Amino acid sequence: MSWGLEGVSVTRGRTVALAGVTVPVDPSRITVVVGGDGAGKSTCLAVLAGLLEPDAGVVRRPAKDRIGYVPATAGLYTDLTVGENLAFCADAYRLAGPERSRATERILEQTGLAGARRRLGGQLSGGMQRKLAVGMALLHAPELLILDEPTTGVDPVSRADLWRLISRSAADGTAVMVSTTYVNEAARAARVVLLEAGQQLANGSPDDILRGIPGAIGSVRGPGRPGPLSWRRGASWRVWAPAGRLPEGVPPVPPDFDDAVLVAELSREQGR
Amino acid sequence: MWAMVAKEFRELRRDRRTVAMMIILPVVLLVVFGYAANFKVHDIPAVTVGPGAQRAAALLRTPTFRVNAIEPGAGEAAARIRLRDGQDIVAIVTGSGGPLVLLDGTQLFAVETAETALAHVAPAGSAAVRVQILYNPGLTTSWVMVPGLAGLILVFIGTLITSLGVVRERQAGTLEQLAVMPFRARDVIAGKIAPYLIVAAVDLVLILVVGISLFHVPFVGNVAVFALGAALFLLVTLGMGVLISTVSQNQGQAIQLAFMILLPQVLLSGLIFPVSSMAAGVRWISYVLPLSYFIQISRGVMLKGMPITALGQPLGLLALLAVVVLGLAIVRFRRDLAAAA
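Top to bottom, those sequences are chains H and W.
Residue numbers for the first sequence, in my numbering: 1 to 272.
Residue numbers for the second sequence, in my numbering: 1001 to 1341.
Isolated chain H, as found in the complex (with noise of 0.2 Å):
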């Protein structure tokens, strides 16, 4: 079964939050919602784990008990022990038994927090408290995995264990959502939808918002912006060229996720 959201919408007092946003979430699949401040990011998840109602669309989404989900905020008792914050989950989702003491095993092994069991949540680094947080969520075996900016602020190496758990849940089944605002991370997802203030940019694979880049992007060198259609990229400057025709002396590049991006939002801008 499939869940997410189709033709989703959202107002909040004067401000579209969400226009009929389609965001679909397959099991074994990562799907990445890619945004900056105030994309509408968090709306999405919202909507999807059913803390808000849409003003209009559909949403699928499985039961309660079947949705993992971990806010963008801690997502987790810091009073609390590792093993505690697990217990807590495994009575709220009533796991008992053997079935319980696999499921705590599983994750402490999978998140690393084996050696902290009893640290209090306060008391992990920013990394740590994140991978218990997604720990957390994944104890149930959720068929849905709900995972807002569960990477922002975590260094990269707390960050790549965080995908390791995250890419080994969708290899379970696990049908995965994950908001973040570091494009980079869109490139391991099977499904990447891109927005921007509440209207979607793109949706499809990476590769196929890859493909579907409209035009030319160059590469050159120089002090100096080389014109509006145009972004800074380490030492030298990008060129996107929407009919495909890059000024003299600029030569093509193969572009990336981030080019990707930013060529959308130049189009939603030329398209104002």
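Be a bit skeptical, because a hint or two may be false.
In silico SDA-like pairs for lysine to any residue, Cα to Cα no more than 25 Å straight-line [as the list claims (entries may be wrong)]:
hint, chain 1, residue 1, chain 2, residue 2
1, H, K64, W, E1115
2, W, K1007, W, I1255
3, W, K1040, W, I1272
4, H, K64, W, P1182
Away from chain W, derived, C-beta distances all over 10 Å, residues of chain H [to be verified]:
hint, residue
5, G38
6, A63
7, P71
8, G97
9, Q110
10, A116
11, Y182
12, N203
13, P228
No lab work stands behind these hints: they were computed from the structure.
Note that the structure is a prediction, hence the values are computed from the model and not measured.
We put the CB at the ideal spot given by N, CA and C, even for glycine.
Using the hints, position chain W against chain H.
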């Protein structure tokens, strides 16, 4: 320094609830407590029994007393039951020999006022009046205060602690998680209250044991009746804390609101000032305070040995308050969970 002053003012301006409490609350409290703080007692409920009941009642027709019943056919036993059940504070038993005046010693101010007034109304040359103070013969203040103070302490501890429960989840961001977990609002509320209910019950026993041993307060009534009253009272006070928590955005607001609910209980519950002496405009407040009913139950059971049948009203009203407060907390919390995103 000016930078700090300006910043503080800007922050304060945005916290309208605090500003309102700082400006409006003192005036409200002064007016309410001013009308409530009254040691002078009048309209003391009285009953006269025995063959001379009519004549005794005629003597009591002063602003100090309010004769509730004149029962020439009844005797001392009936009068004692009326005093025990809290229907009257003064009973005049007439019959052979001089009249016997029975006074409810749990009503300190009323008894002192009644004694003075009775000395004036007794006709000259009449037979010697015998006065008997029941339940608290020495008019010991601690006997009256300890049963009430036990409730007051629990109101403070219980309401304050539970008022931080939901708001702490909100601030930590775990409220969203709870909303997605397979919990019903009433499960969360019950889960929040249950541990504190047990701790508060242990606390109450401890307070009473210490109070009884240090101040020699008697406990003449049924422990089970007291326990029932205490359980209902604790449910209301802890439920009030959770309700405060659900309507507060942060811990500061929760504590402010908790104090707004706690302060009136000190002065308007009948713990210090008799409810009957309060101005009618503020007396109604005491009728919605759980401590008012707990004091009736605790003093009634501990000092007077009131049976459950005589405590039907305070027990029933506490149960009603528990249903209303917990119901509101659940409704409010359901909205909270829905809006957690």
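query: Checking the smallest CB distance to chain W, is G38 of chain H really beyond 10 Å?
result: holds (15 Å)
Consistency of the no-contact label for A116 of chain H, given chain W and a CB cut of 10 Å: holds (19 Å)
query: Is K1040 of chain W close enough to I1272 of chain W, meaning Cα to Cα at most 25 Å?
result: holds (12 Å)
field: Y182 of chain H and chain W, when compared Cβ to Cβ, separated by more than 10 Å
entry: Since the minimum Cβ distance to chain W is about 20 Å, Y182 of chain H lies beyond 10 Å and the statement holds.
query: Taking 10 Å as the cut and beta carbons as the points, is Q110 of chain H off the interface with chain W?
result: holds (19 Å)
- prompt: Any Cβ of chain W at or closer than 10 Å to A63 of chain H, or is the non-interface label fine?
  reply: At roughly 8 Å from the nearest Cβ of chain W, A63 of chain H sits no farther out than 10 Å, so the non-interface label is violated.
- prompt: Taking 10 Å as the cut and beta carbons as the points, is P71 of chain H off the interface with chain W?
  reply: violated (4 Å)
Given as non-interface: P228 of chain H, partner chain W, CB spacing beyond 10 Å: The claim stands: P228 of chain H keeps its Cβ more than 10 Å from every Cβ of chain W (closest is about 37 Å).
- prompt: Hey, K1007 of chain W versus I1255 of chain W, does the alpha-carbon distance stay inside 25 Å?
  reply: holds (23 Å)
- prompt: Are all beta-carbon distances from N203 of chain H to chain W longer than 10 Å?
  reply: Answer for N203 of chain H: holds, closest chain W Cβ roughly 22 Å.
task: Given the hint that K64 of chain H pairs with P1182 of chain W, test it: the Cα-Cα distance must not exceed 25 Å.
output: Cα-Cα ~5 Å, so holds.
field: 25 Å limit on alpha-carbon distance, applied to hinted pair K64 of chain H and E1115 of chain W
entry: The hint is violated at about 68 Å.
Of the numbered hints given earlier, the model fails hints 1, 6, 7; all others are met.
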